[in-house]
Amino acid sequence: MNRIGCLLKFPALLRLCLGLLLTASATVAAESTNTPPAAAKCTIVVLGDSLAAGNGVDPEESFPAQLQQKIDQQKWNFTVVNAGLSGDTSAGGLRRIQWLLRQQIDVLILELGGNDGLRGLLPGATKTNLQAIIDRTRSRYPNVQIVIAGMKMPPNMGEDYRKRFEQIFDELARSNQAALVPFLLEGVGGRADMNQDDRIHPTAEGQRVLAENVWRVLQPLLERMVSENATAPVPVRPFP
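Counting in numbering that gives the first Met the number 0, the sequence shown runs from 0 upward without gaps.
Don't read these hints as lab results, they were simulated from the structure. Hints are supplied without guarantee of correctness; some may be wrong.
As the list claims (entries may be wrong) - Once the Cα atoms are required to be at most 35 Å apart in a straight line, the calculated DSBU-like pairs of lysine-lysine come out as:
{"no.": "1", "residue 1": "LYS151", "residue 2": "LYS162"}
{"no.": "2", "residue 1": "LYS40", "residue 2": "LYS74"}
{"no.": "3", "residue 1": "LYS69", "residue 2": "LYS151"}
{"no.": "4", "residue 1": "LYS40", "residue 2": "LYS69"}
{"no.": "5", "residue 1": "LYS74", "residue 2": "LYS162"}
{"no.": "6", "residue 1": "LYS162", "residue 2": "LYS69"}
{"no.": "7", "residue 1": "LYS40", "residue 2": "LYS162"}
Using the sequences provided together with the hints, build the complete structure.
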């Protein structure tokens, strides 16, 4: 006798099986509606030059990689994408941003302009390029958070140039309501023990200090994002 025939012959057994099936369905429905979906991973893109690329140090020693380590220690759902390119300028970053916008960007850390200054490029042109990067990013992702890494120039660039160059980062941060790292190389720039033989690129220890400089600004921003995500209402779909 097949299973269906057996159930039809014994109606009590049929009722028992149907009851078990309905109970299991109700359990699945409860789990489906009461368990919130896992939060989507957010992406942090570091658009920068050789400082972000970690020129001369191991990849895991670059400051973007160390930011990822700090985030992982907090068990936050963020992925850091290191888009650092040695020798890049603000104009180069502007050319690259369109390609980077193919992926989701929740936080953009803008670490460009240092090479512009060392080449003596007009601060106004640098500011225009950085503003265009911000505008294009926000046009694609209106809710993106912007962090600007400020830079300073060595004395040999001249006092007037230094002032005009350094103020563009503060102006960009204020006009775009962006977070500002006042001076990325704070505690590193000009120190022989923190830089490689070229006296330009930080050592592994120098990169650690860079990560700390950025983290002081980035951490509260990410904390706020995590908190807002945790308190956001989770849509519940009824079981069909």
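For each hint, the structure was consulted:
{"no.": "1", "hint": "LYS151 - LYS162", "result": "holds, 9 Å"}
{"no.": "2", "hint": "LYS40 - LYS74", "result": "holds, 12 Å"}
{"no.": "3", "hint": "LYS69 - LYS151", "result": "holds, 26 Å"}
{"no.": "4", "hint": "LYS40 - LYS69", "result": "holds, 16 Å"}
{"no.": "5", "hint": "LYS74 - LYS162", "result": "violated, 40 Å"}
{"no.": "6", "hint": "LYS162 - LYS69", "result": "holds, 33 Å"}
{"no.": "7", "hint": "LYS40 - LYS162", "result": "violated, 40 Å"}
When each numbered hint is compared with the structure, violations occur for hints 5 and 7.
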